[in-house]
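A.B. asks: This is what each chain is made of:
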Amino acid sequence: MSPTRAISSLDWRGAGGRGGELVLARAGVLDPRAGIDGTYDVVIRDGEIAALADPGTAEGSGEVIDAEGKRVFPAFFDPHVHLREPGDEDEEDVETGTRAAAAGGYCGLLAMANTSPPVDSASDILALRERASEDGSVPAGFLGCVTRGLKGRELTEMVDLRDAGAVGFSDDGLPIANARLMRRALQYQRLVDANIALHEEDHDLSRPAGAHAPHLGGVMHEGAVSAALGLAGVPSVAESTMIARDAALAAYEDARIHVQHLSAQESVEAVATAKEAGVRITCEATPHHLALTDEEVRSLDSRFKMNPPLRSEHDRQALIEGLRSGVIDCIATDHAPHAAEEKEVPFEEAAMGVTGLETAVAVLHTELVLSGVLELGLVVERMSGGAAPFGFEPPSLAVGSEASAVLFDPDAEWEAGADGWESRSENSCFAGRKLRGRVLMTVVAGQVVYRQRSFAMGVA
Amino acid sequence: MRHLLAIGDLKRSDIERIMERAEGFAEVGRRDIKKVPTLRGRTIVNLFYESSTRTSSSFELAAKRLSADVVSVKAAGSSVDKGESLKDTIATLGAYGPEAIVIRSPHAGAADLVARWSHAAVINAGDGKHEHPSQALLDVYTLRRRLGSLERKRIWIVGDVLHSRVARSNVLAFRMMGANVTVCGPPTLIPRGVAEALDCRVAYELDGLDEADVVYALRMQRERMRESFVPSIREYAARYQIDSRRLSPRQLLMHPGPVNRGVELSGEVIDGPNSLITEQVESGLVVRMAILYELLTGGRPRPDERSGDSDDVADPTPIKEPA
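Residue numbers (the numbering used here), protein chains in the order written: chain A, 4 to 463; chain B, 641 to 963.
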């Protein structure tokens with residue numbers, strides 16, 4: 004594996020800039036990876052963390068923000084975002100999606116390739132990179148498809164895609180059903196030295212009626228709730244059996260894989276087993292799978308429809324335990340914007356997916372940290388844990404590091420969506436929920452990319 | 641009650657009130673002029689996104705017997721066929737100012753959405769594989785007429801439980817009325833977690849069927865074979881068909897219709913003395929009248945429609961002129 008690169012070297016509007024001087028005074032600074040946990044004046048200068056000074060001692064020539072009672076974390080990195088460009092710009096595009104990321108405290112994201120048309124050629128990558136360098140509020144990396152047109156039949160020109168700037172590969176949205184093709188991709192990975200992110204789902208199990216009735220495909224977790232609602236279920240094993248297959252193939256080919264959006268207890272077990280056996284495997288979980296269960300679907304509200312589905316409480320507990328033990332490396336949102344008309348239909352007909360960038364840290368803080376389930380430090384660390392699997396250096400608050408940081412108010416109470424969204428879509432499964440903890444400011448490589456509106460007015 | 645969306649939303653007292661009201665309407669059906677003015681001037685829309693003979697005709701006739709104006713919209717040949725969304729269709733039909741919308745949809749939760757998007761009282765006439773509450777109510781009514789009470793009665797529901805909205809609504813309603821329910825069918829057609837979800841027993845064989853006071857057979861569709869839920873209809877029938885050998889004379893037989901003769905039921909039991917299948921259809925009419933009455937009058941007649949001191953529609957003023 005090649006040496007890691009800086010997240011800020013991805014394409015974005017601020018590339019090359021360094022930002023002005025900024026002091027976050029008397030902030031509770033927390034960076035578990037760097038072993039930092041204390042109250043400091045964070046001095047940001049020339050795009051770097053210039054100093055962590057004793058509280059109240061730093062003097063700056065630029066903006067000084069009183070951050071007493073607030074927290075400063077390394078900014079987050081989301082390895083799983085759908086920017087919907089090209090093809091579905093009515094739902095999201097590079098500009099709005101990266102703005103949503105900035106609002107969520109992210110200093111970088113990876114965009115999935117299942118656009119229309121899919122990102123499966125070098126020219127597609129080049130066009131997106133240009134868009135990001137013009138309109139990206141935060142650095143954005145683009146993945147290329149593993150298979151041409153996401154059809155699962157033949158490999159894309161992975162080397163060509165990599166040379167054009169693809170930072171990884173994924174057929175996300177769809178599994179690579181064919182084991183032979185999956186193996187070929189893992190063999191070919193040696194030429195591209197880039198991770199392959201996998202949406203693990205065996206369609207033979209998740210579409211119970213088979214090809215005769217694709218409309219009867221599973222739309223929620225299979226269990227007591229699906230039995231009560233009469234909705235076709237997606238069994239947990241539709242995910243875990245594919246993970247087991249691909250972990251075995253990765254081991255055999257000494258390849259590297261990243262498993263996307265773990266949802267089930269059996270999946271956590273499958274990844275844990277593979278990790279114990281030394282397989283080069285990483286994985287992610289989403290805030291919605293960590294905070295919600297299939298009980299939400301009893302409302303038949305299409306905002307709770309996503310793939311993989313919300314599962315049972317014991318699956319949720321397994322994900323939390325996986326996060327705690329390190330089996331789950333990182334949190335990813337699987338931010339999946341959809342137009343209102345795709346969701347204002349009966350549950351079975353509704354599009355799968357929820358937005359997530361703007362609520363992720365607040366949801367985890369409210370549901371898992373304040374309730375005492377997880378340590379704040381662990382959540383903060385996992386929020387940028389998605390950088391390393393794709394070869395990026397996670398942000399650090401150590402002096403001398405590139406300054407990518409989040410200013411977070413742990414006491415702010417707000418209602419998700421009440422002030423609107425930066426994203427172009429509103430299909431958040433947390434909309435209307437009271438959350439505690441809010442991103443006030445996001446800094447990427449020394450540049451302020453987001454200020455929360457009321458906070459911005461407060462300091463003006 | 642504002643809507644009838646799911647049995648799970650009802651209390652036992654709601655069901656009992658509808659049963660009593662239906663008994664009152666049964667009397668109307670014995671008159672020469674089978675019509676009362678209760679819902680005169682009110683508009684009811686029947687919106688059917690799936691083919692249906694008995695449910696749509698039953699609701700239509702129920703509305704007409706209550707003197708309501710009925711508009712029936714079938715998906716085939718309508719704007720629905722032309723790709724109009726449910727939300728837009730409801731907005732369009734809303735222009736007629738309907739007091740009630742009866743909806744049958746292939747999708748779970750469709751009736752809930754209509755209730756959210758419209759001012760009308762909404763009746764779920766079947767939403768996907770989810771619920772079919774009016775069927776459950778008419779089945780409870782039918783059984784109460786035969787058995788008096790369902791308390792501690794043993795009811796077996798046999799067949800394709802996985803794909804059956806009737807099974808879901810009926811288990812809930814029968815349980816609410818105090819019956820013990822067993823669902824029985826091949827393991828491939830019994831949903832995982834159903835015992836917990838619906839508070840019933842599960843059996844994979846008919847061995848224990850003797851205990852049942854009521855055998856409720858479900859429709860078995862031939863496409864289940866193509867989807868490999870069962871290896872063949874022949875094998876299904878051999879294991880699960882209710883025939884005169886399996887049905888004892890003291891057991892009652894029910895089926896929501898339409899029946900596949902020779903698949904889930906043998907011909908002789910359909911037409912046999914245990915069969916309540918025709919009675920179920922008769923019950924459907926009066927129970928649906930009672931449902932419309934309950935939702936559109938709040939269980940009480942409008943002041944201008946009261947006949948004398950009576951608060952009881954079972955005795956409303958008969959229409960003087962034949963319609």
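Hints in this document: simulated from the structure, not taken from any laboratory. Please note: incorrect hints may appear among the correct ones.
[As the list claims (entries may be wrong)] In silico PhoX-like cross-links for lysine-lysine, where the CA-CA straight-line distance does not exceed 25 Å:
1. K346/A with K278/A
2. K714/B with K704/B
3. K714/B with K727/B
4. K346/A with K714/B
5. K793/B with K651/B
6. K346/A with K651/B
A.B. asks: Now tell me if each hint is right for this structure.
C.D. replies: So, going through the hints one by one against the coordinates:
no., hint, result
1, K346/A with K278/A, "violated, 38 Å"
2, K714/B with K704/B, "holds, 18 Å"
3, K714/B with K727/B, "holds, 16 Å"
4, K346/A with K714/B, "holds, 24 Å"
5, K793/B with K651/B, "holds, 19 Å"
6, K346/A with K651/B, "violated, 31 Å"
Violation of the numbered hints given earlier is confined to hints 1, 6; the remaining hints are satisfied by the structure.
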